[in-house]
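Participant: Given next are the chains, with one letter for each unit.
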Amino acid sequence: MIADSSPGALSAEFTTVVGEFTLEVAVRVESGELLAVLGPNGSGKSTLLSTIAGLRAPNSGFVTIGEQQLTHRDPAVSGRGIQVPLERRRVAMLGQQPLLFPHLSVVENVAFGPRSQGVTAHAARTAAMGWLERVELADLAGRRPTELSGGQQQRVAIARALAADPVLLLLDEPFAALDVQNAQSMRRLIADRPWGTRIPMVLVTHDPLDAIVLADRAAILHDGRIVQHGTPGEVFGHPATRFVAALAGVNLVTGLGTIDGSVMAEGPRGDRLLLRGNGGGLLAGNAASAVFGPGSVRVAPAGGERIAAVDTLDPNRWVGTIAQLEPTPGGVRIVTNEHPDVAVDVPSATAVTLDLAAGSHLAFEVPASDVSVRSIPAVLP
Amino acid sequence: MIADSSPGALSAEFTTVVGEFTLEVAVRVESGELLAVLGPNGSGKSTLLSTIAGLRAPNSGFVTIGEQQLTHRDPAVSGRGIQVPLERRRVAMLGQQPLLFPHLSVVENVAFGPRSQGVTAHAARTAAMGWLERVELADLAGRRPTELSGGQQQRVAIARALAADPVLLLLDEPFAALDVQNAQSMRRLIADRPWGTRIPMVLVTHDPLDAIVLADRAAILHDGRIVQHGTPGEVFGHPATRFVAALAGVNLVTGLGTIDGSVMAEGPRGDRLLLRGNGGGLLAGNAASAVFGPGSVRVAPAGGERIAAVDTLDPNRWVGTIAQLEPTPGGVRIVTNEHPDVAVDVPSATAVTLDLAAGSHLAFEVPASDVSVRSIPAVLP
Amino acid sequence: MTTVSPRETHRGPASGPAAVRFPLWLYLPAGIAVAVLVLPLAALLLRLDWAQVPAAITSPAAIQALTLSLVTAALATATCVLLGVPLALVIARSSRGVAAILRTLATLPLVLPPLVGGIALLALLGRSGLVGGALSLAGIRIPFTTTAVVIAQTFVALPFLVIAVEGSLRSVGTRYETVSAGLGAGRFTTFRRVTLPLVAPGLLAGTVLCFARALGEFGATALFAGNAAGTTRTMPLAIYTAFNGAGVSEDIAIALSLMLILVAVGVLLLMRSWREDAPR
Amino acid sequence: MTTVSPRETHRGPASGPAAVRFPLWLYLPAGIAVAVLVLPLAALLLRLDWAQVPAAITSPAAIQALTLSLVTAALATATCVLLGVPLALVIARSSRGVAAILRTLATLPLVLPPLVGGIALLALLGRSGLVGGALSLAGIRIPFTTTAVVIAQTFVALPFLVIAVEGSLRSVGTRYETVSAGLGAGRFTTFRRVTLPLVAPGLLAGTVLCFARALGEFGATALFAGNAAGTTRTMPLAIYTAFNGAGVSEDIAIALSLMLILVAVGVLLLMRSWREDAPR
Amino acid sequence: AAGADGTGTDSSAAPTETAPELTGELTIFAAASLGAAFDELAAEFETLHPEVDVLPISYDGSSVLATQLIEGAHADVFASADEKNMTKVVDADLVTDSPVDFATNVLEIAVAPENPLGIDSLDDLADGATTSAGQPAIVVLCAPEVPCGAAARTLITNDGIMVTPASEEQNVSAVLTKVRTGEADAGLVYVTDIEGASGDVDGIEIDGAEAATNVYPIVSLAGSSNASASAAFVDFVASDAGQRVLASFGFGAP
Ligand SMILES: Nc1ncnc2c1ncn2[C@@H]1O[C@H](COP(=O)(O)OP(=O)(O)OP(=O)(O)O)[C@@H](O)[C@H]1O
Ligand SMILES: Nc1ncnc2c1ncn2[C@@H]1O[C@H](COP(=O)(O)OP(=O)(O)OP(=O)(O)O)[C@@H](O)[C@H]1O
Ligand SMILES: [Mg+2]
Ligand SMILES: [Mg+2]
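Chains as they are written, first to last, in this note's numbering: chain P, 1 to 381; chain Y, 1001 to 1381; chain R, 2001 to 2280; chain D, 3001 to 3280; chain G, 4001 to 4254.
So here's chain P without its partners, still in its complex pose (with noise of 0.2 Å):
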């Protein structure tokens, strides 16, 4: 038996068949980092996650925590190689569903894996308080689970998580059913690691925002493989694909590099769009991007100066008759007919006063500062 207070890193490398799905990962997440997993419905997250917790045996590859093999499995070896079986991993996994014991109280849950792993109920109990102070529901410790509401729920059962020390903590969309409050006060929690920086993370995530604000590393998972990986400012301030663009809520621009170090791009219709930023290496008439947030366009009315955008092509700014009206969480999206691609978002207090509909004609305009351009590797997916 191995003690020590830093079990070491995640190391993980393997393929998983899942009926037709093949998942053909290697990841590494150092004790204390936090590596942020996105990807679209499908695309493997939660069977990276099951398998790295053992409760799906990969077709071939390893599992380790530091020195300790977690799971091996060779398949051109005829034996089944290790599995460590769940009791023994100490890995610790939060789904989006608390699945508090119902018929355990809140400290009751909290102190049941050290009460399972042999601690004495009293020792339990008060490190079980002691998380449960941590977590900000101390007062609530002799409480049922469903006199809890969904986001203290989540709350205990991450503190349930953590006081069975565990070597490795797997989030899989734990924000996902909850409210934005309840939300909000999770990610706080994360964000503050009340359980310090010793064990490796890994936090599947919808939202680009957690990666930014909560990770030190984001991947992104495509179809059963990682597409992009790095930074989370890295990943998103620069996204390498469309679909990382996407997912990261940003626009991507692409078009040729002109002269004067600004990207030139041309919606379906002829509208030309000039856009200029930070970063640069451009390379006039080289294919170039640019990367701009929908929330740092603003908008005026047009009023009746209609002028073809060809004609002025002042940087960062052009004009457009909407095509479509979304709302979003945070806001109203703009789509409009000469620039399909670029989503522009105004919050709901702007959409009020400049009344926008269908058909309205508006002026758009995004600060330099707000915007990134860089030219394009000669191939990209």
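Quick caveat, the hints were computed from the structure, so don't treat them as lab data. No residue lacks a Cβ here, since even glycine has one placed at the ideal position from N, Cα and C. One thing to keep in mind: the hints can contain errors.
[Stated by the list, open to error] Short derived list, chain P residues pointing at chain D, Cβ under 8 Å:
#1 Met93
#2 His103
#3 Arg333
[As the list claims (entries may be wrong)] A few chain P positions that, by computed beta-carbon distances, are all more than 12 Å from chain D:
#4 Gly113
#5 Gly118
#6 Asn278
#7 Asp314
[Stated by the list, open to error] Stretch by stretch, here's where chain G covers chain D in the computed footprint (C-beta under 8 Å, at least three residues):
#8 3126-3135
#9 3218-3228
#10 3233-3243
Fit chains Y, R, D and G with the ligands to the supplied structure of chain P, relying on the hints for placement.
Facilitator: Below, chains Y, R, D and G with the ligands alone, put in the same frame as chain P:
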């Protein structure tokens, strides 16, 4: 039996007591009109809909559609009044869970209402296919509900509700359990109103943007009473109370009117804020309020030029240090030490560019066009 | 903190979802339970003089009794479904107190020694019985007819159906029924097109138990329906007769039992889809 | 489109949640079901010569039989729980095919006429039986002992426990067990602290049915355990003896049945919290 | 059919011995211990009266049959294994004539084939006695409430011994089963049961067994729809021919 093509307006006025909670409301919704009902958890939104739907009998009051009494109860009269049974009400109610019949296919689910009302199997199926086309799910007609995503299920549920030819449509947070994409497509469906404009509709939601984009009128429920009521523009453009402002996700800054028609407010540390904008009727020295969205504020690094805010009474500009950073579904929310009541949202790309952290010193600016100012009536809740 | 040393690992499963495993020693009591259920039957078969079996089970009397058993058990099961589903619905939708009382009433025939059940049925429907008196004036005689067999089987099997269906109704709840009513479906349409299909698994389980119990019913039948070949001599009575009869060996009784068991297994396996829908 | 005319309205309920109503005419079959369950017992009570009751139920023999019944039924129920819960777990966690076979085996004693069950138990545990032969060489005799009564009751009551608990295990699923293992709980800890508490309602229901069946068991007991006062004469055997007795009237048998029923109702109502947790 | 039977009955009053006019069906309730014998009696009766169809006989415990008759079971003839249950039926006004005793039965000791323990008298079964094999015999008796049990007590009392049975069985078959399966070393059953066990058990005669002779009464029932045939059957059972059949199964004469 009255048979016409427009059953008429919903008119309801009742008191319902549930345990220690009392709901006391009066609402009227015209044919084709959509009333959005907003309010915090436990404010009585679901109780309101249940009483109208007939799932719950009020203690007193009535519910009518056009000429038709659905519920009538006068506590002074010892009899039990009128309570039309559910199956005769023809009130379609859609909750967070689609509750599709698991043993029936999608098209059988949608055909259930017409079939139950005596339409032939063939005609019911044809009608059901028509509705499925309107919700763009005709190609999934033969599937079982479990084979659909949550969003698709909810669309089928609305098709099923509408296929039953209801006299009233009640929607209780139909988006709450959906992911962003599915919620979006449901919103578009409700906005399109493929069922025409014949019947009154009530939509319970937590999201003021639903009210702004989808509703003709909005009512704010608080503790069993309607505290504000009007067009969504009125209600959210000029929230009467801080509660509604918080709900609308806008900043409500209260202070005193100045001679030049601005609102002068003061933070807890004495930092002043001068806001100018649309609206008016301000009297110098009288209570006044300004409203603007957290997303309307532009953010820039304040750099070294640290200027005491009190000294630079530039309207609509201020500086502050970050007290707290919270991820929001649409970006990162900044709260400053100087004006903790004023939230500022920045999009993710900007957040990455600015390299935000607690303690960062920032300059803020909100365009006057995005601010609405008004004087405050003497008494307010 | 402890981590796992290699010696503690074990040979894992093939790739795929790892099953949650229960303590392995639970296989011991589980095995004993299977033994308790199966060994007596196995011992019976071992003791059997197989030479007698073909004649015993192909005798017209045996086939007559088996046919009667299957017909009456099927009728009793149908009756139980027709009566028991509504009762289960009433119990499931009643207030706690009423439900507890009705549920206890529904459990009573289980406690009753079958003989007493027979006496009770005679007390009700016999010639001098509560209702039977009036019936016999009207020229209707129930005891000692095939009808009586069905009634006796219904009496002892009904609790199984009620309890299984009630549990299923409770776990389904009333949400879908509310939706159905909201779509304009009348009460019967809701019952037929929503409630019944949703409780189908519980109903099937209850039907299986009910049929098994009706098929095995002996005590109440013997007293209330009598033991007349072709009319009331069901398989269990034929077995009893064979066993009690002077001059015949126990083997015929056992051979007949074997026949009954095989038919029952066949029927139960036919209804095998039972519960397959439920999660594992 | 149609709206509702006033004449179609009805007097509504008092304020409060409107119950989903089922077709009212279902009260008719439900009422018949209650009648089927209750009327025979009522007829029995009406027929009873109440003058004989006090003497019958206070006789030392009756009290001895009742005590023996309660003790053996409780022991059999405990045995069923100890053996049946693990078997239910194995069935619930087995693959479809294995589960179907085990479930069918568990249902068999229901089909078996109790008399045949008794013969089967003798074939297994009797002095010349499969296992009994070896036991008797070791000086252990099972028939004619209270142990035999408990074994006979266990044999007939075990299916009830297994079927109820298995259903409950399936509906709970394995999610909580996975969570427990993830928290480091060993298999037995998971079983004891998670699985068992979660299936408590089903376990209670199964225990109630099991106890009721054990209490009413007659046929297998009579044959396998015999009928010796104080050792193997349980209440159902006492009732049967009274009924068959020369010189005594049927009334004593009925009075004893009444006593058994009252005790059973008492026990069932004591376990009344049964299923109260489930949604209405 | 009933009318036809009625006319048949009327016209058959005068002729005696052969009574070829007997027709119709005959339903018989008989005690379980009469099983094999009554099947043969019925067959012979049908040969004598080809127009009469004896339906399959219902055999059960006498008390069960008596209860069923009182509750309205239809039968033409009732043959009881004891007088007690016959009295119940008579008291219920279900008979026309008085019952006729048609057979007797006495107890024997049933032991395993070849009598391995060498039991040869009741004394070997007494408390404290050891058999020639050196161990006490396990004894089962019928419960004292049922006829075979009452008879067994009488013989034991007469013998002046005490016997503590391992079990007081509900009926003879149960006693027989216990001996046959080897559960019990000895049991007191009727001699006819031993005859019927076809070698599975041996019988040991008991001295003074006649002191507890069991008498079988038979009666023609009042509700009979075929009174002449049922009377004829009762007569046939009591006749010499009937008695020969009964004797062949071990029954004694009344
Ligand atoms: N039991 C199964 N049988 C067959 N295919 C399966 C099974 N479970 C999952 N899959 C497939 O495996 C793929 C990966 O599923 P997984 O649940 O890992 O995706 P995910 O990224 O977690 O998706 P989500 O965002 O919806 O949670 C999907 O294509 C899915 O269809
Ligand atoms: N069965 C009940 N017994 C007692 N009080 C109840 C019951 N159901 C609801 N309440 C109370 O009634 C009030 C209104 O509940 P309601 O469900 O209408 O609120 P809501 O506005 O729909 O809330 P939410 O946003 O959470 O859906 C709450 O204070 C709640 O506590
Ligand atoms: Mg997933
Ligand atoms: Mg609600």
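Participant: Hint by hint, where does the structure go against what was stated? Just the numbers, ascending.
Facilitator: 3, 4, 5
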